[in-house]
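Just so you know, the sequences run in chain order A and B. FYI, in my numbering the residues of the first sequence are 27 to 240. FYI, in my numbering the residues of the second sequence are 27 to 240.
Hints in this document: simulated from the structure, not taken from any laboratory. One should not assume that every hint holds.
One copy or two, it doesn't matter: identical chains are merged, so the pair holds either way.
[To be verified] Capping the alpha-carbon separation at 27 angstroms, the derived lysine-lysine pairs in DSSO-like fashion look like this:
1) K97 / K57
2) K200 / K45
3) K45 / K57
4) K111 / K97
5) K45 / K184
6) K45 / K34
7) K105 / K149
8) K193 / K45
9) K45 / K105
10) K105 / K56
11) K57 / K184
12) K97 / K149
13) K149 / K111
14) K193 / K56
15) K193 / K171
Keep in mind that this is a model prediction, so the values were computed, not measured.
Protein chains: 2
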Amino acid sequence: MNQKLPNKISNAVIRRLPKYRRYLEDLLNKKIYRISSKDLSELIGFTASQIRQDLNNFGGFGQQGYGYNVKELYEEIGKILGIDKAYIVVIVGTGNLGQAIANYTHFYRTGFIVNAMFDVNPKLIGLRINGVEVMDSEYLQDYLKENSIDIGIICTNKESAQEVATKLCEGGVKGIWNFAPVDIDVDEDIILENVHLSDSLHTLAYFINHPQDY
Amino acid sequence: MNQKLPNKISNAVIRRLPKYRRYLEDLLNKKIYRISSKDLSELIGFTASQIRQDLNNFGGFGQQGYGYNVKELYEEIGKILGIDKAYIVVIVGTGNLGQAIANYTHFYRTGFIVNAMFDVNPKLIGLRINGVEVMDSEYLQDYLKENSIDIGIICTNKESAQEVATKLCEGGVKGIWNFAPVDIDVDEDIILENVHLSDSLHTLAYFINHPQDY
Chain A
27 MNQKLPNKIS NAVIRRLPKY RRYLEDLLNK KIYRISSKDL SELIGFTASQ IRQDLNNFGG
87 FGQQGYGYNV KELYEEIGKI LGIDKAYIVV IVGTGNLGQA IANYTHFYRT GFIVNAMFDV
147 NPKLIGLRIN GVEVMDSEYL QDYLKENSID IGIICTNKES AQEVATKLCE GGVKGIWNFA
207 PVDIDVDEDI ILENVHLSDS LHTLAYFINH PQDY
Chain B
27 MNQKLPNKIS NAVIRRLPKY RRYLEDLLNK KIYRISSKDL SELIGFTASQ IRQDLNNFGG
87 FGQQGYGYNV KELYEEIGKI LGIDKAYIVV IVGTGNLGQA IANYTHFYRT GFIVNAMFDV
147 NPKLIGLRIN GVEVMDSEYL QDYLKENSID IGIICTNKES AQEVATKLCE GGVKGIWNFA
207 PVDIDVDEDI ILENVHLSDS LHTLAYFINH PQDY
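So that you can see chain A by itself, here it is in the shape it has in the complex (with noise of 0.2 angstroms):
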């Protein structure tokens, strides 16, 4: 279908999509290979219109009268979300917080490739984490010039975050995952995507005291 695109997709729809994702991955995993719109509609909580508006801006995918094929529109996501291929990324500040998203990344194997890791805490210099050793941050800026990075992840404390995350700008980033409390200013060509883990826990504190709103 030549549909016509529109400029710009709205950020709802694209926050959307990792998790039509997630549920396609689970349907998978139980073999489950064919979905109906309703089916799917009620397994991730949007209307079934919505699920199609959703994916009209991609260019549609359902059949009617079949449904959709779990494999290929799982496989379609991806693809339009760009992890099909490897992203080469630096975790800046590697103690607890900097570990699991290591560790994560690694485990999720969804190609973010942990190449380098950098801490101030001489007892955290030189440690291996899923064989890679962490270095000292001072070299972060001639890492970023030798080595052609992707993404950086800030898990630094608030006070680091922002020298950090101009470093990781002038050395060429086309991204940044910032994990620090903070909001930082980055360079404009840069996507910024923020983990505001207090946001999170206030807006739970919120609907266990407004329960009506929930």
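Please build the complex by placing chain B on the supplied structure of chain A, with the hints as guidance.
Leaving out everything else, chain B in the frame of chain A:
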């Protein structure tokens, strides 16, 4: 202003509250006690009208010609979120992520008190994290019977998450903060807040590949 409050506050509004609070906290740290709606809008990146509308859901706080009293608004949002009181939490799964969360909540001291931690790994059982000893997960049910716990935090792997969630629900928690990379089922009256790290990472990948949508 004796304004009629709407029945249900939208999810989008609620999720912006922690962000407002975070920015107001930064202002307080910088000893800025008063801010015009225009300046606040530029800082946070929402329009002044959006901010006004959001806050009007809770009664409205700005004064025409004065702007916002930073400390007052910060405290009011804290009260609305319900983080002016303490929550007793347990963490299940004390690998790197569970330890990071334990240290995080401990460090931030916003009233989330880790009373107990559980793991199945004999290497972790008995370990003390911020003065709290990691217990064997087999005691989770008994512990929940004997203690009144507000929030259960799930930092286990995908495979154990549902079983842990069921025990937490039966054990009477009010809310669950789930970090396991799986969507879990909980009782209807339990608040569930998921942190799906892979969704965030995959969204970052999308934007790196489609910078025009960013």
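Here is how each hint holds up against the structure:
| no. | hint | in the structure |
| --- | --- | --- |
| 1 | K97 / K57 | within (10 angstroms within a copy, 55 angstroms between copies) |
| 2 | K200 / K45 | both (23 angstroms within a copy, 25 angstroms between copies) |
| 3 | K45 / K57 | within (19 angstroms within a copy, 41 angstroms between copies) |
| 4 | K111 / K97 | within (17 angstroms within a copy, 47 angstroms between copies) |
| 5 | K45 / K184 | between (29 angstroms within a copy, 15 angstroms between copies) |
| 6 | K45 / K34 | both (20 angstroms within a copy, 25 angstroms between copies) |
| 7 | K105 / K149 | neither (40 angstroms within a copy, 40 angstroms between copies) |
| 8 | K193 / K45 | between (32 angstroms within a copy, 25 angstroms between copies) |
| 9 | K45 / K105 | within (14 angstroms within a copy, 32 angstroms between copies) |
| 10 | K105 / K56 | within (22 angstroms within a copy, 44 angstroms between copies) |
| 11 | K57 / K184 | between (44 angstroms within a copy, 18 angstroms between copies) |
| 12 | K97 / K149 | neither (45 angstroms within a copy, 39 angstroms between copies) |
| 13 | K149 / K111 | neither (34 angstroms within a copy, 36 angstroms between copies) |
| 14 | K193 / K56 | between (44 angstroms within a copy, 24 angstroms between copies) |
| 15 | K193 / K171 | within (10 angstroms within a copy, 50 angstroms between copies) |
Figure legend: structure checked against the earlier numbered hints; hints not met, in rising order: 7, 12 and 13.
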